[in-house]
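K.L.:
Construct all of the structure, not just a fragment, from the sequences and the given hints.
Protein chains: 2
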Amino acid sequence: MNEFDYIEKYFKPLTNEVARNLSDDAAVFKQRSKYDLVVSTDTLAEGIHFFGNENPKDIAKKSLRVNLSDMAAMGAKPIFYNLSISIPKNKVKYFLPKFAKGLDEDQELFGLKLIGGDLTSSLQNINITITIFGETLNKKSISRGGAKLGDLLFVSGVLGLSKIGLDNFKTKLKGFSVAKNKYLFPEPRVDLGLSLNKIANSMIDISDGLVQDASHLAKNSNLSIVLDAEKIPLPLSINLKKDILLNAALYGGDDYELLFSCKPTYENSLKKVSLEQNIKLTRIGFFQKFKKEHILFQNQHQFYQNKSYSHF
Amino acid sequence: MNEFDYIEKYFKPLTNEVARNLSDDAAVFKQRSKYDLVVSTDTLAEGIHFFGNENPKDIAKKSLRVNLSDMAAMGAKPIFYNLSISIPKNKVKYFLPKFAKGLDEDQELFGLKLIGGDLTSSLQNINITITIFGETLNKKSISRGGAKLGDLLFVSGVLGLSKIGLDNFKTKLKGFSVAKNKYLFPEPRVDLGLSLNKIANSMIDISDGLVQDASHLAKNSNLSIVLDAEKIPLPLSINLKKDILLNAALYGGDDYELLFSCKPTYENSLKKVSLEQNIKLTRIGFFQKFKKEHILFQNQHQFYQNKSYSHF
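Protein chains in written order, with my numbering: chain A, 1 to 312; chain B, 1 to 312.
There could be a bad hint or two in this list.
What the hints assert, rightly or not - These stretches of chain B come out as covered by chain A in the derived footprint (C-beta under 8 Å, 3 or more residues): (1) 22-29; (2) 71-78; (3) 103-117; (4) 123-131; (5) 141-151.
Think of the hints as simulated: they come from the structure by calculation, not from any bench. In this text, a Cβ means the ideal position worked out from N, Cα and C, and glycines have one as well.
P.N.:
Shown next, in the form of structure tokens:
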């Protein structure tokens, strides 16, 4: 099979009419003037973002979900995506059918379609890039820079699970399966993002760790965030010391929870959203005038040290 | 420098307001209902699409130009692009400044802006994915499937140059520099594509070789193409045997010339376009009812054998 055969067999079934059967030079769709288009790209590189020996289905889901999480963070509804894979010749036959199956399952779950992409060989490692497209009503996407003085800072779910899953990936101890699953399958908070569209002033998904991502909100809003480390929701059911859990929450990446600001008057609306969606929402800080650092800790928390992930 | 510093220093200057300073989770723009959006993605993998020891400026231009060529093939006006690079840690410091410079020069030349992307490390090789966005008026993009019975087949420029440049990359013989340059710097026919928007019924850019790309037009239009090998425009100034030139034209990739069909009545309009744009346009065949093969040769040309590039 050459690349055209692979595309025909495994990717064409994932498309809609925008993709023109993946047999044209580009995808084409009519623009809708009531809506903004929201576009984001995330790459997963073998050996960096995934081990390489996972089930290709899981790698597919992770690739799509990290991108879906960006749509959630914008309060946007995902509509379609395109996909580029570079893969060594000796892996393609095994990898692609399972990879496409994973995409298929998650497309169904999250309601979006493939519209195009590229399939090429590579020398050594697999590289996957997805560009995702979403929509909001005009000017209704949520930036990182909209937080106001006095806003409260909230986070969804519990933090640190994914980092704990990664650090304990080979353990067979009971209680770690939730964490390992969270590492493998991020849960993009797409519906939550949509519900927060009218509530949040600023929003980001936590992919690089709470401290780093919170600092993006603070920096873009020209404010400081005061974090209350005692309030950070931790996975306390896991049998690890609290300072390990807290460090994972503060600096571990890949949580893909939503971190957002809103006016104090919205606290009751948030309780409703939390109940409706069955997702924990926790107040973990507030915004104040910028003072030296973008992230400050209530009571000068001892764990504060910048050790978030950096690629270079 | 971490990835945020690199992005801030080298990529932010390439953006417009759609990119939101590259400091948000996504790019956002208002849709315009009179226009269709045309989206395409091409990846360049080190060791597959480029050697790796070229000047990063040249690699940047090639990455952007292969994508621009897809816009040309749709008759679309390129407006912006996003970019993902995965690169080994030890190469980033040298590579990125030059790479960004190359993008900057070509953005200027072709009139488009960067709106977002991703920068990650990789284990071994550089991998570059660009998703390009263009526009046409509603329903005015040109597909591969619109050729009609009796249409003529035209091609721009001369064919085979890029393959000859690649095969003779290390020669110091005079006369090969045009070919080597064509391999390094594809010339996307963006303005020509726009001029052909009202003339061509179907169109493709030649990236995989004339025979393979012509077969896409024929297949998608449910017709056969009869090619006149004697008419194919060859780079005759290069001191190589004619059969080598012809083989390069038929099966060599990376020419990025436009191959298109139009009604015979448009031949005069094409002469005008050719003069205006100073680009050679040559009639090399016609479309007939499908008969056994999608590509037929006038006089059963001896060079016909399928050996186009395949990734797998």
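K.L.:
Indicate, hint by hint, whether the structure satisfies it.
P.N.:
Hint check results:
{"no.": "1", "hint": "22-29", "in the structure": "holds (count 7)"}
{"no.": "2", "hint": "71-78", "in the structure": "holds (count 4)"}
{"no.": "3", "hint": "103-117", "in the structure": "holds (count 3)"}
{"no.": "4", "hint": "123-131", "in the structure": "holds (count 6)"}
{"no.": "5", "hint": "141-151", "in the structure": "holds (count 4)"}
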